[in-house]
Amino acid sequence: DTGVSQDPRHKITKRGQNVTFRCDPISEHNRLYWYRQTLGQGPEFLTYFQNEAQLEKSRLLSDRFSAERPKGSFSTLEIQRTEQGDSAMYLCASSLVGTRGSYNEQFFGPGTRLTVL
Amino acid sequence: AQKITQTQPGMFVQEKEAVTLDCTYDTSDPSYGLFWYKQPSSGEMIFLIYQGSYDQQNATEGRYSLNFQKARKSANLVISASQLGDSAMYFCAMREGPNNAGNMLTFGGGTRLMVKP
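Residue numbers (this note's numbering), protein chains in the order written: chain R, 5 to 121; chain E, 135 to 251.
Hint data in this document are derived by calculation from the structure and do not stem from the laboratory. Treat the hints loosely; a few may be bogus.
Covered stretches of chain R, going by a simulated chain E footprint (3 or more residues, C-beta under 8 Å) [to be verified]:
id	region
1	48-59
2	96-102
3	109-120
Owing to the predicted nature of the structure, the values given are computational and were not obtained by experimental measurement. Cβ atoms here follow ideal geometry from the backbone N, Cα and C, with glycine treated the same way.
Please take these sequences and the hints and turn them into a complete structure.
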């Protein structure tokens, strides 16, 4: 399977605990995005990377959130001191930016569903 | 103001008939792209179709076509010959800036399509 993969698919945690999610993009893709989707809503942008550089962060990404893409391949999203409001689906997407003639569509992974009790 | 508006929370369509899902957008950037994604109950976002702001013709991909009316800032998705497998959430999204900037997507609230046998 050469699509975007995310791990774990489901995570249940207690309020106050730290959680970390992993995303493996499509191998040749240079851009990686994180989105959050709450029930019944469209995805909301959190942050994105160009290779290993984090280029933009949404104001939704509070100080408790941190994302990394250390070698420009996989990425991790960590949430510290989780709150019940963090319960959501966390989606990762990747794209290949810079290819002439391409419209650089983003390919999404299956998501990690986080439940904070 | 909302950047992407989908005014139909839910739609029913009879199998084999065509259906139009509405999307209006708001941007002052002359260069932008409009995307439609399908999200089945499994949760994965599936890319359907793309329309660039400078494209002269409406985009088509198989049974999907995009009715792009630039002056009205609308980008409606038309699905012809609906199938039971088309039952899902559909999201309209916009990327502001040129293709090679690879900026993040802004999503609408989605429309749930239900295909009746």
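The hints, checked one at a time:
1. 48-59: holds (count 4)
2. 96-102: holds (count 4)
3. 109-120: Since three or more residues must qualify, the claim that chain E covers the region 109-120 of chain R holds, with 8 doing so at under 8 Å.
Taken one by one, the earlier hints all hold for this structure without exception.
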